[in-house]
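A.B. asks: Sequence:
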Amino acid sequence: MRRRPGVDLAYRILVGVVGTVVLAAGILAIPYPGPGWLILFAGLALLGTEFTWARRVLHWTRARYDAWTGWVRRQPAVVRLGVIVLTGAVVLVTLWLVNALGFVAGWVGLRWDWVRSPLA
1317 MRRRPGVDLA YRILVGVVGT VVLAAGILAI PYPGPGWLIL FAGLALLGTE
1367 FTWARRVLHW TRARYDAWTG WVRRQPAVVR LGVIVLTGAV VLVTLWLVNA
1417 LGFVAGWVGL RWDWVRSPLA
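Heads up: the sequence shown begins at 1317 in my numbering, then just goes up one per residue.
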């Protein structure tokens, strides 16, 4: 097989950029309903095709994720409910901070000041 250093470097850069974008999207999506962790693992797996550090981080993160979900499953219902409530609170606060709640309130004609983000 003939080596093409320029093409190899361009491919590595492309994988790095796309993998980083997918990884960042996964990190942002973790607290929200949907496949946040799956997106994060996909980003690390993509990066792992070209970067050894990403393969190590993928295996380490997957092990921590499995340990966390195992721990949550072993907990009583009140603890699991607490995790769900805390996750919901994180989602609501972040939606409020990015003014998503104020945006939707405007659609339905609500003019409540507290719905608007302090950052907007």
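Check each hint, because a few of them may be wrong.
[As the list claims (entries may be wrong)] Here are the computed distance ranges between Cβ atoms for each label pair:
| id | residue 1 | residue 2 | range |
| --- | --- | --- | --- |
| 1 | Arg1432 | Val1401 | 22 to 28 Å |
| 2 | Arg1389 | Arg1319 | 48 to 54 Å |
| 3 | Leu1325 | His1375 | 24 to 30 Å |
| 4 | Thr1377 | Val1414 | 46 to 52 Å |
| 5 | Tyr1381 | Ala1421 | 54 to 60 Å |
The set of hints was computed from the structure by calculation and includes no laboratory data.
Virtual Cβ for every residue (Gly too), placed ideally from N, Cα, C.
A.B. asks: Do the Cβ positions of Arg1389 and Arg1319 conform to the proposed distance bound of 48 to 54 Å?
C.D. replies: holds, 49 Å
A.B. asks: Take a look at whether the Cβ-Cβ distance between Tyr1381 and Ala1421 falls inside 54 to 60 Å.
C.D. replies: Violated, since Tyr1381 and Ala1421 (Cβ atoms, about 35 Å apart) do not stay within the stated range.
A.B. asks: Is it true that Thr1377 and Val1414 lie within 46 to 52 Å of each other by Cβ?
C.D. replies: violated, 25 Å
A.B. asks: Could you tell me whether the CB distance from Leu1325 to His1375 stays inside 24 to 30 Å?
C.D. replies: Because 26 Å falls inside the window, the suggested range holds.
A.B. asks: Is 22 to 28 Å right for how far apart the beta carbons of Arg1432 and Val1401 are?
C.D. replies: Since the Cβ atoms of Arg1432 and Val1401 sit about 24 Å apart, the hinted range of 22 to 28 Å holds.
Hint compliance for this structure: hints 4, 5 are broken, all remaining hints hold.
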